[in-house]
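Asks: Now for the letters of each chain:
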Amino acid sequence: MIETGEILQTLRMIQEENFDIRTITLGINLLDCSDRDADACAARVYEKICRVGEKLVPTGEAIEREFGIPIVNKRISVTPVSLICQADPRPIARALDKAAAETGVNFLGGYSALMHKGATAADERLLASIPEVLAETKLICSSVNVASTRSGINMNAVKEMGEIIKKTAELTADADGLGCAKLVVFANAVEDNPFMAGAFCGTGEPECAINVGVSGPGVVKVALEQVKGQPFDIVAETVKRTAFKITRVGQLVAREASQRMNIPFGIVDLSLAPTPARGDSVAHILTEMGLEMAGAPGTTAALALLNDAVKKGGVMASNHVGGLSGAFIPVSEDIGMIEAAAAGALSLEKLEAMTCVCSVGLDMIAIPGDTSAATISGIIADEAAIGVINNKTTAVRVIPAVGKKAGDRVEFGGLLGFAPVMPVNSFGNEAFIARGGRIPAPLHSMRN
Amino acid sequence: MTKALISVSGLDATGIIARVATKLSELQINILDITQTILGGYFTMMMVVDLDGAHMSFEEIDNELQPVRDELKMSIHMQRMDIFDAMHRI
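Just so you know, the protein sequences line up as chains V and A, in that order. Here this note's numbering = 1-based position in the first sequence + 1180. Here this note's numbering = 1-based position in the second sequence + 632.
If you're looking for bench data, these hints aren't it; they were derived computationally from the structure. Do not rely on the hints blindly, as some may be mistaken.
[To be verified] Computed list of lysine to any residue pairs in SDA-like fashion (alpha-carbon distance at most 20 Å, straight line):
#1 Lys1572(V) with Met1626(V)
#2 Lys635(A) with Thr1184(V)
#3 Lys1420(V) with His720(A)
#4 Lys635(A) with Met1181(V)
#5 Lys635(A) with Arg1440(V)
#6 Lys1420(V) with Arg721(A)
#7 Lys1491(V) with Ile722(A)
#8 Lys1235(V) with Glu691(A)
#9 Lys635(A) with Arg1245(V)
#10 Lys1235(V) with Phe690(A)
#11 Lys1492(V) with His720(A)
#12 Lys635(A) with Met1626(V)
#13 Lys1492(V) with Arg721(A)
#14 Lys1492(V) with Ile722(A)
#15 Lys1420(V) with Asp717(A)
#16 Lys635(A) with Leu1188(V)
Let's have the full structure, built from the sequences with the hints guiding it.
Replies: Right under this line is the structure:
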């Protein structure tokens, strides 16, 4: 029998420490919807998503009620659209947006292209349409994979993405560049990621699958409050134990959703995903370890410990682990990161260092509106290099704040939060980015 | 067996346990365990129950508890025990 103290601990985690299931994401394969006629393809896409995804939101809500655990988002990820669009992708985008609204999900990811080695004609069409699509649709998220450890960095794609991010920001300038919050550039993108904006259903995935992302930075912070001043061995052990408990609930929810919808369970993403709410911050876990603010010397080491311990604790709690798994460090979605950036404790360069050891990359960072496309491409190339060399996923989701300069503030609302515009190194790199071509895949022996 | 935790909390008064237990009995829900305490006039009770006897959906049972909530003016929250088992037992 479970003891009263254990019950109270679980209830406290949920009610006071912001423990929740961040997302149930239903991956849906759309390869069978392809058609030379864009409208016919769009019609098939709409029909399939509505049919397969019909039960997702009601099932998620029933699980929330019965288990007493909030499930913040219900989302859908689909096959990268560039793989199914043989003509103009925009009718498919409209169909995706309509299907997302019909099924009641918060976001739908997969308006994506995988071009780490090179671009197909469909990839090019999709890329060209991204700014317009993100400005005109509400629920669609887009991602582009520009590099991989096996194939190197596609610098043509890197160059193009700098321009596309700029254009997307301009088309959504009245919403502080919100379109860019729905666009992520990846190196080593994963096929089963349940988190937006980078979720898509990879070609190695089954017909459909349930992927779950957990969250609970507040729970980890409160656990660490109990071991103040203790050595790092104890810190790591405490994080592991907490991550285990959090992930077990993720596994339970994933299994339950899978059974009720009769859709196979894919993975649990072992994540610490913050929100702008107080008590739900990854940065505050780092400060609990003894740093005055995120960004202070020692931050990278603290994050490395955290990220590793979350994985070690979580991996035994679930029978399939995947996605991005680790601690997320978005700036605008984490009150501790926002404070650190506003106070000048956290720079873009320090964030880049942190991405070497965390789960993804430069995330939800507002940069001055006059930042050039080449500079953005340079940021993407640097981040891709970290991912490619270190055999990990990295990503860039930056938001050029049109008409704003460093120190101003942008506001996205809801889970996307708000952020101070961070200064960017303004020395030129046009000639570097203009070269194009491919940076070759790295050697993976003789590692130093 | 579908086990659930029913937690009842609010200002203490006479007959809270009786009222909740009577309702559960009417619904054929067996009580497996009870802990109850009063702190500063504040009543807190946790019951572990078996829902299988009720032959109703979770939502229907929860709706049946609504009149008791209204009458006692207490928070009555029901959730499946699986979440506690998952978190605290390997």
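Asks: For the pair we were handed, Lys1420(V) and His720(A), check the Cα-Cα distance against 20 Å.
Replies: holds, 14 Å
Asks: Does Lys1492(V) pair with Arg721(A) here, judged by a C-alpha cut-off of 20 Å?
Replies: holds, 18 Å
Asks: Holds or violated: Lys1491(V) with Ile722(A), Cα cutoff 20 Å?
Replies: holds, 17 Å
Asks: For the pair supplied as a hint, Lys1420(V) and Asp717(A), confirm whether the alpha-carbon distance does not exceed 20 Å.
Replies: Distance ~18 Å between Lys1420(V) and Asp717(A) Cα, so the pair holds.
Asks: Is Lys635(A) close enough to Thr1184(V), meaning Cα to Cα at most 20 Å?
Replies: Holds. Lys635(A) to Thr1184(V) sits at ~15 Å (cutoff 20 Å).
Asks: Sort out whether Arg721(A) lies within 20 Å of Lys1420(V), counting only the CA atoms.
Replies: Holds: Lys1420(V) and Arg721(A) sit about 15 Å apart, inside 20 Å.
Asks: If you draw a straight line from the CA of Lys1572(V) to the CA of Met1626(V), is it 20 Å or shorter?
Replies: Within the cut-off at roughly 18 Å; holds.
Asks: Verify the proposed pairing of Lys1235(V) with Glu691(A), using a straight-line Cα cut of 20 Å.
Replies: holds, 17 Å
Asks: Is the straight-line distance between the alpha-carbon of Lys1235(V) and that of Phe690(A) 20 Å or less?
Replies: Holds, at about 18 Å.
Asks: Given the hint that Lys1492(V) pairs with Ile722(A), does the C-alpha gap stay at or below 20 Å?
Replies: With a Cα-Cα distance of about 16 Å, the restraint between Lys1492(V) and Ile722(A) holds, given a limit of 20 Å.
Asks: When you check the alpha-carbon spacing of Lys635(A) and Met1181(V), does it fall within 20 Å?
Replies: Answer holds: Lys635(A) to Met1181(V) is near 11 Å, not above 20 Å.
Asks: Holds or violated: are the alpha carbons of Lys635(A) and Leu1188(V) at most 20 Å from each other?
Replies: Holds. Lys635(A) to Leu1188(V) sits at ~17 Å (cutoff 20 Å).
Hint compliance for this structure: hint 12 alone is broken.
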